[in-house]
Each structure stands twice: as C-alpha cells, then as structure tokens.
Amino acid sequence: MSELRDLYQEVILDHNKNPRNFGKLDHANCQHEGFNPLCGDHLFVYLILENDKIKDIRFEGSGCAISKASASLMTTVLKGKTKAEAKEIFERFHTLVTSSLDQPVDNTQLGKLAVFAGVREFPARVKCASLAWHTVQSALENDPNIVTTEENGN
Amino acid sequence: MSVASVLRTETAFDVQKIREDFPILKQQVHGKPLVYLDNAATSQKPQVVIDAITRYYTFENSNIHRGVHYLSSQATIAYENTRTILKNFLNAASEKEILFVRGTTEGINLVAQSYGRTFFKEGDEIIVSAMEHHSNIVPWQIVCEQTGAKLRVIPMNERGELQLDAYEKLFNPRTRFVSIVHVSNSLGTINPVEEMIATAHRYGVPVLLDGAQAVQHLTVDVRALDCDFYVFSGHKIYGPTGVGVLYGKQALLEKMPPYQGGGDMIRSVTFEKTTFNELPYKFEAGTPNIVGGISMTAGVRYLQSIGVDAIGQYEHELLEYGTDVLSSIKGLRLIGTAKSKTGILSFVLDNVHPHDVGTFLDVEGIAIRTGHHCTQPVMQFFKVPATSRASLAMYNTKEEIDILADAIRKVMKVFS
Ligand SMILES: Cc1ncc(COP(=O)(O)O)c(C=O)c1O
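Protein chains in written order, with this note's numbering: chain Z, 39 to 192; chain B, 661 to 1076.
Do not take every clue at face value.
[Unchecked claim] Within a straight-line C-alpha distance of at most 16 Å, the following computed EDC-like cross-link-like pairs (lysine to aspartate or glutamate) qualify: (1) Z:LYS91 / Z:GLU159; (2) B:LYS692 / Z:GLU41; (3) Z:LYS55 / B:GLU680; (4) B:LYS1073 / Z:GLU88; (5) B:LYS1073 / Z:ASP52; (6) Z:LYS117 / Z:GLU88.
Bear in mind the hints are in silico, worked out from the structure with no lab data behind them.
Keep in mind the model is a prediction, meaning the values are calculated, not measured.
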C-alpha cells in the first residue's frame, strides 16, 4: 500500500480532479495530439510560442489519473520556458520515471515533478505519465504524426 | 443414503477441491492471496497440464511423423491421439477436420487467407459483428484489401446483444461469408449462433465461429450447430499457450489451398511440381507445437472430468452473484448486460479511469484486465475509452467477488 501512496500522492489526485490549464487554447500556433491505445488515454496540447518561448500552454483530453495529473503539472511547469529549457525538463522527467528503483533520485532540479518518482515502482504506468511530455516534445519538434505508445492487449 | 443425497454429492461443485489442482492459486501477490480474475485473457493451468509438459520433455521428446525410432512413434501416437480427443470434444465427424494451429488468431487468419483469398472477389461481402475481437476483424480487412471484398457489420443494442433482424437484412447475393464470435470477450454475451448459422445457410453462406471464450464455459457440438468453421485457443481452456484448434467441415477444407508451405504438408516435392498431403496435414506445415498439443489435451480431459456443463452452471451462479454485488456499488456501471451471458463483469466507475482501478486492485492481490480488450469498436459503441474486466473461471469463488467489490469501494473513496 505504501507504493500506492507513492504513486497516487495528494498532488496527483488533486491535479486529476482539478486539472490546471485544461481546455482548448484559442490562437494556439502549435498543437499536437497524443494517444495511448493500450488504455485509450487521449490528449491534445495547445501552445502559443513566441520567439522560442512557451507563452501559454493548455491541454484537453481524457485519461487515467496519472496521465491527467502529469499533463496538468507539465503545463504549470512549462509555461514561460524556452524550447531548450522545456527539452531539458522533459529529459529530467523521463530519467525520473524510467530510472531503476535502486538508483537514487535527484530531486533538486525537478521541483513539483518529483511526485512522479512513484511511477518507477509501476512500470506498466510509465507510459501514462510520459504521454503528455512526448506529445509536447513532438509539438515543439513539429512532428506531424500523432504520438502513440505501442499497443499490446487481448 | 437416500437417492436425493447421492444425487447431491454427484452434482455438488467442489470449488475448494478444484482450487487444489491449480498450484498458482496458492500464491501471494503483494502480500495478499492472489485473486485471479483475468481468465478471459488466459486461464491458469492445473497440475495435470503442468505434469503433461514435464512428462513429455522428460520421457517422450521427439519429432513426430517422420521418425522411425521408438520415441518418434510414441510421440506421434500421443499427438494424433490428441486429435481424436479434440474431435470428440467438439463432436466433429472426423480427425481430418481438426487442424492444429497456434491459437484462435491463427485459425481465423488461416480461413481468411486460404478460403477468403481464394473464393472472394471484388464487391463480395463478409459479415462480422459489432462485438468482434480484433482477431476476427483485421484478418478479414486484410483479405478485403487483397480481393476487393467489403465488410458488413451486424449492429448490437445497449445491452450488448446482436440485432438479429438487422443481421438478416445484411444478406444479399454478394454475401460470401459470416464470421462471428460465439461468446464476446468484453461483454460476455452468448450469441444465438445456432439461429444465426441457420439464417446464413438459407442464403448458402458458410459461417465461422470464434469460440475462444465459449468452449471452456459451454458444451459445443459443431455438428449440432452446423457451423462450417470453429476456432479456439488452448491457453484459455486450461492448456498451454501457442496451440489451438481450427475445426472445418471436410468438404470445405478439401476445396481450400494450403495456408503455409513446408515439411509435412506435402506428398511429394520436385522442383517442377509439389503434390499436397491429405487432410489435416495439408494445413500443418513444419514441426508443430507437439508438447502444446499433448498438454492441451490434458487440459481438455481435465475440463471434461469436471464437466463443461457443471462448470458453466457454477460460473453462472458466480456471475449472478457478481452482477448483484457490483450493481449495488454506486457509481459503477456494468457494460454488457445481455440476457444470455458467461462470467464476464466489465465495468466503468464514475471519475476513476480503468487503469487506475487496475493498479489499485493489483496492490490488493487482484488481477483483472483494464483496457479495450482488443475490442475497440465495442468501446466506441459504449462511448468509453476502456473498461475494467473481471472474468470468471471454475476456480473462482463468491469470497473473491466480495474481495473485488471491497477493493472497488476503496478505490472510489480515494478518488471521490
Ligand atoms: C473472442 C476472442 N477471439 C480471439 C481471441 C484471440 O485469441 P488468441 O490470442 O489466443 O489467438 C481472444 C483472446 O484474446 C478472444 O477473446
């Protein structure tokens, strides 16, 4: 049960229930769709980019608590950042959720995102936590494809 | 002893005794007793199946059909014996009608490629239903791409029952094939296949039944049903993975070209011309899953020793209990409420995504499946991204359903 509390921390439950920056962004000049066929998580991110800076960011969609909270927290962290900064944060986040359990977590640079350290104990949920981030990354790289995480089920 | 008490002891379903046969069920998961409710994905294996695998590799291992030595002939006899057991299991007319395949998916692909690709033409129509597993959609879409045929889909209602009047209206002179699921894996619906086959035959159209979720819950008699093809997987009926059965009527199989080429499926090969082996070997190229076939039979025998009807009846009791218990949870909606159903409890919770449900239940030692269950069109129909699915087997108990219900209530509290 303690691992569960690591995964579903209050912050995550709160962002799931009251997602920040939720909804469509009119005048977005950059947007992207992300999809996780395994659980049906589906989201759109909308960005207003100005001189390489993320002036505004919102998201919309449906998914599990982990994916929704991740998208919500991500928008709060990325607002105001440059593309390069966003990429760096994405990499730090990715390392956090995919690092092995015996590796110590360096929390110092992560701020609020550190709540996702619990995902490491649930490998099946890593994709949920990273979907929004991959989607923004593709948006920033102008990738025309829908982001998807691969499928497996019966 | 009175007659009544003798009858009672004969028909009593001793679930505790059955549980003893499944070593995996004695396990703890995350410090809790395992509650395995993911049987539609794959069932657990009784000791007799595990023993059959061990025995084969310990004492019998050898390649079949081609060897002249002792072990090879023993293995060949054991493997061919399984064909007879499976023939009797389905009440097929002959061993020639029992083809070993890797599973349901390969069986359907075999029919789509061998029968469909040979006999379908541009503008032909193939009927499937709204509740098919992806395994019974995609192979037909592939053959449609190859031949120019089209898919037609039987609609269903809100309870998850196929609409038979709409089904009959789909038939026209271009209809060439019907392929439908016997029991739905995401809804539990038992389709009225006997009636549906009779309808198709009135129009001269052959029917394939996907029996992946049927043969372990209902007695299936392919001759009484008069289906033209029937497929199922070994691993869902207490046997191993990587092996399954395709039944086909002999007359149809005779007309069909081989699906794959290689050893065993030939009579003679020269660089000029190859003549094919007779049924069923024509469709069994290469070294098959010998241990899979032999140990699947151990599973089938186990199933028969308890009795498929008795199992179905017990599971139905569990289903009714589970339906009552789960329906009483506020904020829980059951998806799939057909009148005729097997033990599938698919549900969605207000404000909690199925994947979160799955993770919370896992920590309680409960294994269920969350997702679209390879039936994305069903999810679209019910306008849900995914469901949580508890699927029952003969070794499940009412106590386990209570544990499930308690855990669901806990999850809902965390998310409320
Ligand atoms: C109804 C149905 N059809 C087909 C399949 C595919 O079976 P397999 O993966 O064993 O080929 C399954 C199970 O996954 C199923 O439930």
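Results for each hint:
1. Note on LYS91 (chain Z) and GLU159 (chain Z): the hinted pairing is violated, with a Cα-Cα distance of about 34 Å set against a maximum of 16 Å.
2. Only pairs whose Cα atoms come within 16 Å are accepted, and LYS692 (chain B) paired with GLU41 (chain Z) is accepted, the gap being roughly 15 Å.
3. For a cut-off of 16 Å, the pair hint linking LYS55 (chain Z) to GLU680 (chain B) is broken: about 44 Å separates their Cα positions.
4. Under the criterion of a C-alpha separation no larger than 16 Å, the hint pairing LYS1073 (chain B) with GLU88 (chain Z) is inconsistent with the structure, at around 43 Å.
5. Under the criterion of a C-alpha separation no larger than 16 Å, the hint pairing LYS1073 (chain B) with ASP52 (chain Z) is consistent with the structure, at around 14 Å.
6. For the suggested pair LYS117 (chain Z) and GLU88 (chain Z), the alpha carbons sit about 12 Å apart, so the restraint of at most 16 Å is met.
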